Amino acid sequence: MKSINKYLIITLLLGFVVLPEMKAQDDLQINRVFEQYGEMKGVVMVELTGEMLGGHDLSFFKSITIKNNPSAADFIRKCLAKDEAGAKKVKQVVANGIPTSIFLQLPRKEQLNRLILFNETLKPEPKITLIYIESKNDSEDVLKLILKKK
Amino acid sequence: MKIRMKHTINSIEADRLIEKYYEGMTTVEEEKRLQDFLSRPGLPERYRPEQAIFGYFFQKKQKKDFSIFPYIRWASVAALIVFTVFSLKTLTTQNQTNYAFVDGERITDIQEVKSQAMSSLRNISSDNDEVDEGLKNLNGNKLMEQQLDVFSGLE
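The listed protein sequences derive, respectively, from chains A and B. With our numbering applied, the first sequence corresponds to residues 1 to 150, in that order. With our numbering applied, the second sequence corresponds to residues 1001 to 1155, in that order.
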């Protein structure tokens, strides 16, 4: 019984350390995309915290670009289908019945506005881009500023 | 003045008491005297089994004193573990704040990381006003009017 109490105390203390480390995007399925594909060949993954990007102050920015991997695109779409729950769809482009571009405005969490941007292109080469953004500024302002015309 | 002498038994008496003990006929006083006899140093080997038996029961009867030190020791071990885990997490998190992985290779140069981020944003940017239209629909202010306007010209 004494041993159980000791292990319980240690476990509770460790819990108090681990729980605060959880981030606002840990509840999202797209997190699995970054974990699974982030360090693979043919993939570029970026994570920025508290940096200015494109003249805009973003609390958190995470993106992944995957080339020549159709299964990754399917996996991302499945993750987005789950993360869509409760989100507002700003844009969706469907080609041949398959969504190739999805912009989602997620419910706010801890005073942060959250966005997910997904795009798939086939030319000149198959390429998938997935971006997750957190910002204290309005989502509309963030979208308008960062999505500049080519 | 009465001087009370502690009655100590000899080996003959001890053998008799041991036999009586195994028969379950000893009194508490007799068991105590037998225990005192068996706790003497230098006893013959033949008393080893009885010494073991009485030694076990003697330990069991001893009352353990409560001590807070074992709990303090465990609390200090737990605090050390927490401190170590927290320190490691803080150090590693700081190192992972701004980074990029390109083909599995980690980059920490902030300018290079930002450049990669801007590149990913360019992949997303649209050529038309779909985003503006989407945002307007999101507000939903004039959505119904727009949709009904489609039918207004039909007669």
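No wet-lab data here; the hints were simulated from the structure. Any given hint might turn out to be false.
[To be verified] Derived DSS-like pairs: lysine-lysine, alpha-carbon spacing no greater than 27 Å straight-line:
no., chain 1, residue 1, chain 2, residue 2
1, A, 89, A, 127
2, A, 41, A, 67
3, A, 78, A, 88
4, A, 88, A, 41
5, A, 67, B, 1114
6, A, 144, A, 127
7, A, 109, A, 41
8, A, 41, B, 1032
9, A, 136, B, 1114
10, A, 67, A, 109
11, A, 127, A, 109
12, A, 136, A, 123
13, B, 1032, A, 109
14, A, 123, B, 1032
15, A, 136, A, 88
16, A, 82, A, 127
17, A, 89, A, 41
18, A, 144, B, 1114
19, A, 136, A, 67
20, B, 1114, A, 127
21, A, 78, A, 123
[Stated by the list, open to error] Covered by chain B, according to a simulated footprint, are these stretches of chain A (three or more residues, beta-carbon under 8 Å):
no., region
22, 40–50
23, 71–82
24, 110–124
Being a predicted model, the structure only gives us computed values, none of them experimental. C-beta: ideal position from N, C-alpha, C; glycine also.
Taking the hints in turn, this is what the structure says about them:
1. A:89 <-> A:127: 22 Å, holds
2. A:41 <-> A:67: 9 Å, holds
3. A:78 <-> A:88: Holds, at about 17 Å.
4. A:88 <-> A:41: Distance of about 33 Å is beyond 27 Å: violated.
5. A:67 <-> B:1114: 20 Å, holds
6. A:144 <-> A:127: Holds, because 23 Å separates the two Cα atoms, which is no more than 27 Å.
7. A:109 <-> A:41: Judged against 27 Å, a Cα distance of about 33 Å means the pair is violated.
8. A:41 <-> B:1032: Violated. Residue 41 of chain A to residue 1032 of chain B sits at ~81 Å, over the 27 Å cutoff.
9. A:136 <-> B:1114: Satisfied, since the Cα-Cα distance of roughly 20 Å is no more than 27 Å.
10. A:67 <-> A:109: 31 Å, violated
11. A:127 <-> A:109: 30 Å, violated
12. A:136 <-> A:123: Given pair residue 136 of chain A, residue 123 of chain A is violated - Cα atoms ~35 Å apart, limit 27 Å.
13. B:1032 <-> A:109: Roughly 74 Å separates the two Cα atoms, so the pair is violated.
14. A:123 <-> B:1032: 97 Å, violated
15. A:136 <-> A:88: Satisfied, since the Cα-Cα distance of roughly 18 Å is no more than 27 Å.
16. A:82 <-> A:127: Holds, because 22 Å separates the two Cα atoms, which is no more than 27 Å.
17. A:89 <-> A:41: 31 Å, violated
18. A:144 <-> B:1114: Given that 27 Å is the threshold and the Cα spacing comes to 19 Å, the pair holds.
19. A:136 <-> A:67: Violated, because 31 Å separates the two Cα atoms, which is more than 27 Å.
20. B:1114 <-> A:127: Holds, at roughly 20 Å.
21. A:78 <-> A:123: 23 Å, holds
22. 40–50: Three-residue rule met by the region 40–50 of chain A, so holds; n is 11.
23. 71–82: The restraint on the region 71–82 of chain A is violated, since only 0 of its residues have a Cβ under 8 Å from chain B and three are required.
24. 110–124: holds (count 3)
Checked against the numbered hints given earlier, the structure breaks hints 4, 7, 8, 10, 11, 12, 13, 14, 17, 19 and 23 and satisfies all the rest.
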